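Novice: Spelled out from the first residue to the last, the chains are:
There are 2 protein chains.
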Amino acid sequence: MHIKKQRLLTPGPTPLYPPALHAMMASDIHHRTEDFRKAYRSCLADLKEVLHTSHDVLLFAASGTGAMDATVSNLFSKGDKVIVGSAGKFGERWAEMARAYGLDANVVSVPYGQVVRPGQLEEALAREPATKGVFVQASETSTGAAHDVQAMGRVVAKTGAIFVVDAITGLGTMPLNIDGWGLDVLIGGSQKAFMIPPGLALLSISPKAWRLSETSTLPHYYFDLKKEKKSGEAGESSWTPATSLILALAESLRYIKQLGMEQLVENAQLLAHATRAAVVAMGLELFSPGSPAASATAVKAPRGMDSGVIIKEFRNRFGAIIADGQGTMKGQIFRIAHLGYFDFADLFGVVAGLEIILKANGFPVTYGTGVAAVEQVYEQAAVKPQPVHA
Amino acid sequence: MHIKKQRLLTPGPTPLYPPALHAMMASDIHHRTEDFRKAYRSCLADLKEVLHTSHDVLLFAASGTGAMDATVSNLFSKGDKVIVGSAGKFGERWAEMARAYGLDANVVSVPYGQVVRPGQLEEALAREPATKGVFVQASETSTGAAHDVQAMGRVVAKTGAIFVVDAITGLGTMPLNIDGWGLDVLIGGSQKAFMIPPGLALLSISPKAWRLSETSTLPHYYFDLKKEKKSGEAGESSWTPATSLILALAESLRYIKQLGMEQLVENAQLLAHATRAAVVAMGLELFSPGSPAASATAVKAPRGMDSGVIIKEFRNRFGAIIADGQGTMKGQIFRIAHLGYFDFADLFGVVAGLEIILKANGFPVTYGTGVAAVEQVYEQAAVKPQPVHA
Chain A
259 MHIKKQRLLT PGPTPLYPPA LHAMMASDIH HRTEDFRKAY RSCLADLKEV
309 LHTSHDVLLF AASGTGAMDA TVSNLFSKGD KVIVGSAGKF GERWAEMARA
359 YGLDANVVSV PYGQVVRPGQ LEEALAREPA TKGVFVQASE TSTGAAHDVQ
409 AMGRVVAKTG AIFVVDAITG LGTMPLNIDG WGLDVLIGGS QKAFMIPPGL
459 ALLSISPKAW RLSETSTLPH YYFDLKKEKK SGEAGESSWT PATSLILALA
509 ESLRYIKQLG MEQLVENAQL LAHATRAAVV AMGLELFSPG SPAASATAVK
559 APRGMDSGVI IKEFRNRFGA IIADGQGTMK GQIFRIAHLG YFDFADLFGV
609 VAGLEIILKA NGFPVTYGTG VAAVEQVYEQ AAVKPQPVHA
Chain B
259 MHIKKQRLLT PGPTPLYPPA LHAMMASDIH HRTEDFRKAY RSCLADLKEV
309 LHTSHDVLLF AASGTGAMDA TVSNLFSKGD KVIVGSAGKF GERWAEMARA
359 YGLDANVVSV PYGQVVRPGQ LEEALAREPA TKGVFVQASE TSTGAAHDVQ
409 AMGRVVAKTG AIFVVDAITG LGTMPLNIDG WGLDVLIGGS QKAFMIPPGL
459 ALLSISPKAW RLSETSTLPH YYFDLKKEKK SGEAGESSWT PATSLILALA
509 ESLRYIKQLG MEQLVENAQL LAHATRAAVV AMGLELFSPG SPAASATAVK
559 APRGMDSGVI IKEFRNRFGA IIADGQGTMK GQIFRIAHLG YFDFADLFGV
609 VAGLEIILKA NGFPVTYGTG VAAVEQVYEQ AAVKPQPVHA
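Respectively, the protein sequence lines represent chains A and B. Just so we're aligned, residue 259 is where the first sequence starts under this note's numbering, counting upward by one. Just so we're aligned, residue 259 is where the second sequence starts under this note's numbering, counting upward by one.
Just chain A, same shape as in the assembly:
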């Protein structure tokens, strides 16, 4: 018998920042008091700061899908023409949601593991100049592929359509110049790079997107962008907020501000780079080699091995929860997460564990091969010590 620490190593929920978790203990706080308004205001202001945006930022008591819903139900009308760029399970969610709200959705989809090219959106927009919105994922979590939202934003900005980016796993894992790249609505969730449990959704919204809200006729109530903006300006939320998570977010944002958002992104990208190097060194194959995301690295299970075996072995041998493929990818890929509160020590553990699991299950790997690749990346990057806590 050995000690097995429980480790949550998935691309959301991600490992939690302990001071943020502890902050939740103070949630015997009333949401219509100055004490709470202070925390709420600091969350909104700090979010604007770490997102580097002048756009309005709104918070919701909901998971990320709630902010996606808020965007569709507040900015569009039945029959509106929209384009969905779909590269996986979350792209399909945009398409499903557009249909649920009666939008006329043109779904530009690519096979899992690939990405929608900006040119494809450009062509679709040219074919339908009346398009009111373009929906994509910054990072498609299900396949570990990243979209070029900068180039896409340039394409969409030339049209009357707004560019809606689900950055739930993109935030904190890739540069996202919201104001500069024309990312009219950008959506995030608490349980990703913000290092706290799920239950809060957020979005930033540009003046171009606000204009659409003036003509939108879809009914909505709980998710009400205008009402939430007004409430937020008073340091409150429209409905009872998820106080415990707001307190946690205020704490994690202090840490992210101290670290710097660029540094957080670089951290994820460096870990992703090291992971890809390890994967190749061990003789495994990347699932999205062309445009890998830094949120999570998707790796193909070795031929003849179900990825579920690797997931199960991680749990049984090491107490670690690793992500399987989602949807049709289940059993075929596994995903190593990097977004948020991850460090090199986590990665050494994951790669060494993977080496042991692969060898034990008949895939030839020389112990240390993958870990050495990570060590090389660490050394080359000359990783500087960072503050442990804010």
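Hints are not guaranteed to be accurate.
No distinction is drawn between identical chains; accordingly, a pair holds when it is met within one copy or between any pair of copies.
[Said to hold, decoys possible] List time: in silico DSS-like cross-link candidates among lysine-lysine, alpha-carbon distance up to 25 Å:
| no. | residue 1 | residue 2 |
| --- | --- | --- |
| 1 | Lys296 | Lys570 |
| 2 | Lys336 | Lys484 |
| 3 | Lys485 | Lys336 |
| 4 | Lys339 | Lys416 |
| 5 | Lys484 | Lys263 |
| 6 | Lys558 | Lys347 |
| 7 | Lys347 | Lys485 |
| 8 | Lys485 | Lys588 |
| 9 | Lys466 | Lys416 |
| 10 | Lys347 | Lys416 |
| 11 | Lys570 | Lys558 |
| 12 | Lys617 | Lys588 |
| 13 | Lys488 | Lys588 |
| 14 | Lys339 | Lys488 |
| 15 | Lys262 | Lys570 |
| 16 | Lys339 | Lys306 |
| 17 | Lys306 | Lys485 |
| 18 | Lys339 | Lys515 |
| 19 | Lys485 | Lys466 |
| 20 | Lys484 | Lys347 |
| 21 | Lys570 | Lys306 |
Quick caveat, the hints were computed from the structure, so don't treat them as lab data. Source: prediction; values computed, not measured.
Guided by the hints, dock chain B onto chain A, whose structure is given.
Specialist: Just chain B now, with coordinates in the frame of chain A:
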């Protein structure tokens, strides 16, 4: 300088059950694992048990208003005739929501402090036999008044309409026989009698209400009752759940089960009864004397005194957060809460504090008068010791 402990004494968020709060620390858990499914399943099963219902029970990552929205957007269609029984701020929320979704709402309203009589609903239903739904609050938190939902349910059951009850502060403070009284949809929130922070909404739904979902045409996505029922049967939520709050809820439900829902209701009712006795003994006036709720007792501020003064004094002198009136009642009433994790020691503190505050602000009160009234009720009821923790 004295020690002032922070005390949250409002009708939601309410005082938190410490073991439930501590359970949130284990929220480094993935929602698609058997460990989490176990917690989620136990929440759903325990909710059915403490609600004493055979109806489906669903959970949402949202505040209570989210479950109200889910009910309207999943069960109705634009133009549907509905009746709203409105006795305060939350009744107005039903009316506002019905209008937001384009329903044809007949609002039967009474002045703040009074309640809608079952006969008023009966007349309204007789005038419009095509009515598809009747909406009320079990306990109108803004005024501390309780509706006779049993008699109302009998009236609605005779018609084709469904009876939708916002029991966000009714649950755990009054008997609610969901199946027996025809409460087709009953809505609750985590931050009330469930003794945990806000961020979870729940509802129970009858077969009669499910039938409406077959013809409803309002668009919706995040709040999807059918999808949530299917997910729940698999021990999951449709979207990422608020894991920390689910773990907290599982813990508080263990306690509520051990205590017994009847005992929880009796606890609130006894505290409410004692509070009313104290209010009268101190020479103050109840705001809803005719049908007082056990969720919170609304008390009129003495003539010439703004209730805001009492709220402020409680915070400054005793570190206690007491609720002011809401909406138009702000400054006129204050509310003493009883729902959930409240005991006699809390009430002794509140009433003694109130005596001090009243006297200091020029309202003549003999020290001990209100407290003695509470003590009398305690003695007469022969309150039996209950387990401190589950």
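Novice: Each hint: holds or not?
Specialist: Hints and how they fare:
1. Lys296 with Lys570: Answer is between; shortest inter-copy Cα gap is 18 Å, intra-copy 44 Å.
2. Lys336 with Lys484: Both: 19 Å inside a copy, 22 Å across copies.
3. Lys485 with Lys336: Both, since 21 Å and 22 Å are each at most 25 Å.
4. Lys339 with Lys416: So lysine 339 and lysine 416 pass the 25 Å test inside one copy only (17 Å; across, 45 Å).
5. Lys484 with Lys263: Neither: 45 Å inside a copy, 38 Å across copies.
6. Lys558 with Lys347: within (17 Å within a copy, 56 Å between copies)
7. Lys347 with Lys485: Classified as between: cross-chain Cα gap 17 Å, same-chain 31 Å, threshold 25 Å.
8. Lys485 with Lys588: between (40 Å within a copy, 21 Å between copies)
9. Lys466 with Lys416: within (12 Å within a copy, 51 Å between copies)
10. Lys347 with Lys416: Classified as neither; 28 Å inside a copy, 46 Å across copies.
11. Lys570 with Lys558: within (16 Å within a copy, 62 Å between copies)
12. Lys617 with Lys588: Within. Shortest intra-copy distance 22 Å satisfies the 25 Å Cα cut-off; inter-copy 69 Å does not.
13. Lys488 with Lys588: Answer is between; shortest inter-copy Cα gap is 20 Å, intra-copy 43 Å.
14. Lys339 with Lys488: Classified as neither: same-chain Cα gap 29 Å, cross-chain 31 Å, threshold 25 Å.
15. Lys262 with Lys570: Within one copy only: 14 Å inside, 51 Å across.
16. Lys339 with Lys306: neither (30 Å within a copy, 43 Å between copies)
17. Lys306 with Lys485: within (19 Å within a copy, 34 Å between copies)
18. Lys339 with Lys515: neither (39 Å within a copy, 51 Å between copies)
19. Lys485 with Lys466: Result: close within a single copy only, 18 Å intra versus 33 Å inter.
20. Lys484 with Lys347: Cα proximity of lysine 484 and lysine 347: across copies only (20 Å, versus 30 Å in one copy).
21. Lys570 with Lys306: So lysine 570 and lysine 306 fail the 25 Å test inside a copy (40 Å) and across (32 Å) alike.
The structure does not agree with the numbered hints 5, 10, 14, 16, 18, 21 stated previously, though it agrees with the rest.
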